[in-house]
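Participant: In the order they appear, the protein sequences are chains P and R.
The C-terminal residue of the first sequence carries number 294 in my numbering, and the numbering is unbroken.
The C-terminal residue of the second sequence carries number 482 in my numbering, and the numbering is unbroken.
FYI, nobody ran anything at the bench for these hints, they're computed from the structure.
As the structure is a computational prediction, the values presented were derived from the model and not from experiment.
All C-beta atoms, glycine included, are put in the ideal place defined by N, C-alpha and C.
Among these hints, one or two may not hold up.
[To be verified] DSS-like, lysine-lysine: derived pairs with alpha carbons at most 25 Å apart:
(1) P:K38 x R:K425
(2) P:K276 x R:K304
(3) P:K81 x R:K45
[To be verified] Residues from chain R that face chain P, not an exhaustive set, calculated with beta carbons under 10 Å:
(4) R195
(5) E200
(6) W340
(7) E341
(8) I393
(9) P396
(10) I408
(11) V415
(12) L418
(13) V422
(14) L437
[Stated by the list, open to error] Which chain P residues stay away from chain R? Per the calculated CB distances, all over 12 Å, these:
(15) A46
(16) A120
(17) K189
(18) T206
(19) Q268
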Amino acid sequence: MGLQDLIVFIYFLLFIMVLLWAALAYSLIYRYFRTKERIKIKMKVIDAIALRFLDHKRATYKMHWLRRYVQSKRQRWFIAGIFLKVNNVITTLDDTSLKTMAADIGLTKVLSQDLKSLVWQKKAKALLFCYELGLTEHLKTITSYRNHSHILIRREAQIALVVLLGWKSLKLFPYITYPISLWQQIRIIEKLKIYHPEPIEKFVILACQTENPYVMELLVRIIRSFDLEHFKGYSIAQIESPELFLAETALETLQSFELNTLDVNQINLSLQRMGQSPFKLKVDAFISQHGNRLSQQL
Amino acid sequence: MIEFIRYGLDYFFFGYGIALFLCYFGFVLLAIAAIKSNAKRAEFLNVNDIKGANDLPSVSLIAPAYNEGKSIIINVKSLLSIQYPYYELIIVNDGSKDDSLEQLIKEFSLEKAIVPQVSNLISHAKVRDVYQSKDLKYKHLTVIDKDNGGRADALNCGITYANTNLVLCTDADCIIEQDALLKMVRPYLEEIDREVIACGGAIGIANDSIIKNGTLKELRLPKNIVARIQVVEYIRAFLLGRMAWTQMNGLLLVSGAFGLYPRQRVLEVGGFDHATVGEDLELCIRLRAHMERLKKPYDVVYIPETLCWTEAPASFKVYITQRDRWARGLWETIKKHKYLFYNRKYRATGMLFFPYWVYFELGAPIVEFLGLIYLIVCASLGIINWPFAIALFAAVYLIGCIFSTVSILLYTVNFKHYAKPSMVIKLLLAAYLESFVTHPVMVFAEMKGYFKKIFGIKSTWGTMSRKGFTTIK
C-alpha cells in the first residue's frame, strides 16, 4: 500500500464519518418529531376511546382519521398498544366495547393478517392483542401455534389459550413439548386468576398426564396459587424429580399446605430414595420442621 | 538480518492492528443485532408486568462499603428505594475507619440483631456485629460490620448472609435506577434450557449530575474532560463490546459494580477470589469454567440499558490508580485461568473467548507500548517514512473515531439519556480527544500494572478519592 492509496483510504474514512454525523443528526431530529407526533396521536386516540364510551354517534365521526392511522404500518402497533393500555386500566359495563371499537377502526382486521405473518414479532404481537382483547374467533390459528419453534410465539399462543379457553386449555398442556419459562408460568397463573378465578379440577387432572417437567412445574405452581389441596400428592410425587427446579417448586408448594402424617411419611419415603445433595438437606429440614409441628398437634 | 527483523516487526504490528480492527468491526455488527433482539424481546416482558407479579425470584442486593462516609446515607437510601417486590439489602461495612457505621446506625435506627449465616461454604474476615432496623420502613435492610478484608471478602460475607435465589453485587457508591432489578431479572425469568449464570447491566457516569433522594434527577455530562472522555469509553465498552459478546454468549466479564448471579452457583464455586483485584472478571471466568466442567448449558447476559450510575475518576492520578488496578486484575485472572488457553475441554470459552482476552485485552497495551518504542528507535535511526507514518496515524485515528461515533449513534438511537444535540456534540468532541488525552495515560497505567506483576511489586487496591455526587433535597 502506497502513500497515495492511504490518502484515498483516509478520504473514505472521512466520508464514513460524515455519514455517521448525518445519521446522528437525523436520529435526533427524527426522535424529536416522532415523540411530538406520538404524544399527539396518543391524546387523540384516548380522546376517541373516551368519546366512544360517552357519545357513540360523535365518536363514529372521529373514527375516519383513526382508520387511516391503523392502515399505516408505522403507527399500527403504537395504536394497538394504547388500546391494550386502556383495556388494562379502564373497566366498563360493556366489556366488549373496546373490542368492537378495535373492529370498527379496522385494527382487528389488520392484526388478524399479522397473525399469519412470517415475521415472529408481528405474529407474537397479534397473539398478545388477541388474548388481551378476547378475540376468540382466531382460536383455531392460536391453537396451532402452541408448539411453535419460536419461543415468543408459542409463549403468547399458550397464554392466549389460557385466557380464551380458561381451565379447559389445560387439557392441551400434555401435548406441549417445549420448555416453559418461569415468566410464562407466572403469566398463565396471573391470567387464570384474573379471567377464570374458579378452578375446574377435572382439567387439572387431565393436565397432570404431562411428562414435560416444565408443564409439571406450572401445575405445581397452579396447585399452590389456587390452593388445590386435593393435588398435594402430585406435588409430593415431584420432590423426587431429577429436575431440581421442579423438585424445589414442589417443596415450596408443600410449605404452603398443612401436611398430615401420611403426607410426611410419603415425603420421608422419597427422601430415603434420594442421593446425597444440598436439596436432600432442604427436604430433611422441611420434614423435621413438619414432624415437630405434627407431634406438637398430637 | 536487520532488514528481516524490521519487516517482521512491521508486519506483526500491521497484522495485529488489522486483526483488532476486524474484531471491532465484527463487534459493531453483533452489538447491533444484540441490541435489536433485546429491544424486541423487551416488548413482550414489560417491567410494569414484572412489578406486580408473584413467584418472582428473590434478590439480595449486596453492597460493600469502605470509608464511604461522604455518601453512604444517600446511597443506601437510593438502594432502598429500588422497585422490586422480593428483595433485601445487605450493606457490608468492610472495617471502615470513618464514621460510616455510626451514620447508618443513626439514620436507619439500627440495632444489633442475631441473624444466622445461611451458608458457611465460603470464608471471610470476622464479622463483628449484624444490625437490623427497629423501623419497619427499613425491614429489608441488614448491615454487617466486619473486619477489613477487601471488596471480594465483603461481598463473600454478604453472600453467606443472603437467603435468596439471586444476589446482586454492587458498590455502596453507585446510584441504581429504580427499575434496574425489574430489568435485570428478565433473563432469569425467560431462561429455559440454558441457565443464566451471570447478568450485567450497563454502567453510566454521573459526575456533575443532579441526585435527589438517592435517585438520578438530572443527567449532566461531566465538566471535567477526563471524566467526560470516560463517558464515551463506557458507552463504547458496554454497548459495543459487552453486547457483542452477549450475542455470541462469550462474555467473560460482568462488572463488579453491577452484576446479578444465582446465589447457589456462586456458593458452588467458592465466591469471589480474595487474592485478585479483578474479582469480577475472575468470578465470571470461574463460573463459566465450572459450568463447562458440569457440561450444563449456560448463558452470561448483558442488558444494554444503563441501570447503574457511578462516579468516574476526574483526575489523572485517580484514573491511573484505577486502570493500574484493572490491569493487575486482568493479569492475575489470566494467569490463574491459563489452563483455559486453547483447551478444547472448555469449548468456545477455551478455544475462542479466553484467547481473545489474552491477545487483545491483555496484549493490546503491551503491543501498543512496544510499537511506541519501535517508533522511537526507527525515528532515531532515521528509517521512518514520515509522510506515510503520519498518514497511517491519521487513518488509525479516524478508525478509532468511527468506532466511538458508531457507539454514540447507537446509544442515541436506542436510549434517551444523551438526547440533547448539545450533549451529543460534547460527547463527540470528547471521543475525538480521547486518543490524545486519556488513552496514552491509560496505556501508561496498564503498563505500570503489568510491570508491578512482572517484578512482583506488592500493590493494593489503591485509594479512589471521590468528590461525591451533587445532591439536592
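Participant: For each hint, tell me whether it holds in the structure or not.
Facilitator: The hints, checked one at a time:
1. P:K38 x R:K425: The hint holds at about 20 Å.
2. P:K276 x R:K304: holds (22 Å)
3. P:K81 x R:K45: holds (24 Å)
4. R195: It holds, given that the least Cβ distance between R:R195 and chain P is near 8 Å, below 10 Å.
5. E200: holds (7 Å)
6. W340: violated (34 Å)
7. E341: Nearest chain P Cβ about 30 Å off; hint violated.
8. I393: Because about 13 Å separates R:I393 from the closest Cβ in chain P, which is outside the 10 Å limit, the hint is violated.
9. P396: For R:P396, the interface hint holds, since the closest Cβ of chain P sits about 6 Å away, which is under 10 Å.
10. I408: holds (6 Å)
11. V415: Hint holds; R:V415 Cβ to chain P Cβ min 6 Å, cut 10 Å.
12. L418: holds (5 Å)
13. V422: holds (5 Å)
14. L437: holds (8 Å)
15. A46: holds (22 Å)
16. A120: P:A120 is in fact no farther than 12 Å from some Cβ atom of chain R, at 6 Å.
17. K189: violated (9 Å)
18. T206: holds (16 Å)
19. Q268: Non-interface label on P:Q268 holds, nearest chain R Cβ at 24 Å vs cutoff 12 Å.
Violated hints, in rising order: 6, 7, 8, 16, 17; the structure is consistent with all others.
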